[in-house]
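On the provided structure of chain V, position chain Y as indicated by the hints.
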Amino acid sequence: MRPLVLAALALAVIPAVAQAQDSEVGGNVPSVLELALNDVSLGRLPASGDLTARVRVTSTTNRTALSAVDEDRGRSPIEARIGSSAFQPLDLSIDPLLAVFRRPVANERATIRLRRRSGARVPSSTTVLITVSPDGP
Amino acid sequence: MFRSLAVLGAALATAAVVAETASAAGGLSVSPSRLEATARSGASGTVTITNSSTRKLKVTVRARPWRQASSGTVAANRSRTLGSVRLSPSKFTLARGASRTVTVTLRRVPARRSLYGALDILGKPVKRRNGINVAYRLVSSLRFNPAAGKRKLRLSAGAAGSSNRTLTVKVKNRGNTVDPVGGTVSITGPGGGRSGGIRPVGVVPGKTVKLKLLSLSGMRKGRYTAAITLAQAGRNIVSVTRHFRIR
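Which chain is which? The protein sequence lines are V and Y, in order. Here this note's numbering is used: the first residue of the first sequence is 334, the next is one more, and so on. Here this note's numbering is used: the first residue of the second sequence is 20, the next is one more, and so on.
No lab work stands behind these hints, which were simulated from the structure alone. Ideal Cβ placement from N, Cα and C applies to all residues, glycine included. Among the clues, some could well be false.
[To be verified] To be clear about the criterion: a stretch of chain Y counts as covered by chain V if any three or more of its residues have a C-beta under 8 Å from a C-beta of chain V, and this derived list gives those stretches:
#, region
1, 56-64
2, 93-107
3, 132-141
4, 147-154
5, 158-166
6, 180-193
Chain V with its partners taken away, still in its complex shape (with noise of 0.2 Å):
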């Protein structure tokens, strides 16, 4: 009992030693752009209703988009959408913005919900490239 309330002591006095000491901490980091997916096997795509894709984002830049596309470059049967605007189809010219973060970011979660375009048959097996990249040249 007494090496835990001397344990807990201890630790009560660690952030009052850490302000006392307050000092500023810098350095610099190469930058870095990373994708984290938690799923990469989302399964059989419903008739009706979605599937999530759920994403983390790391950028050093100021701003980074995040944009799905199709593997394959013909027309595509999915469409795909963040939060609730408006599903754009994944075969766009130019990649279909879902999200554009307007800061650098460090694990920044988004959920990308897919779902069958009206009418359209899905392949047995399709890849859908999540991309983050930066939103200018």
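Coordinates of chain Y only, in the frame set by chain V:
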């Protein structure tokens, strides 16, 4: 009884930490996110691609030209590659936790004396299943800037128009840099005047974008004149006058 509960509590706490760690696992990354070099034959640089996900990935790297929408948004053109850029290696497998350095070399300097494009990095899990699969795609920026004496800042302004109560003008980058295009605009007309700065937008050499100039909200109907000065790299490049009508 108390001991069993303590053991159960500890197990649940450990499971929560493991779950948090798993969800916080990394993904596919590229560093630096923008590779810049002076456009000289043989100029090169490196990028490091790291797989910090929990999966083995097949990685493909391509150098592609940009496509640019009239809004200024860019996307790597997936149907083309930049023949004057060599990548080594361009295809490899990355085990989880592994990194690979890719060397990017400019084989020859284009006639424009600069080259801007995208490094299109695709990471696909080795195992593919039926149904919808998602894969990693990172697009980083590739800039082979013109040498100091070869820089050319040249812009041309096209027609002015308005969309969504915003005055726009078409601007073509006839130079060889991607220095953002900004400037100032001053509007005069029957409803009074309005002026302001133009939010800078990077325009790929040879491409045209619709630059947003000013909001027209609250302005009366009539014929107006806009005096537009376009600037790049801190220099005024072109000044034009455009007439437009608010209906």
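Checklist entry - Which earlier hints can't be squared with this structure? => result Of the numbered hints given earlier, those the structure breaks are 1, 6, listed in rising order.
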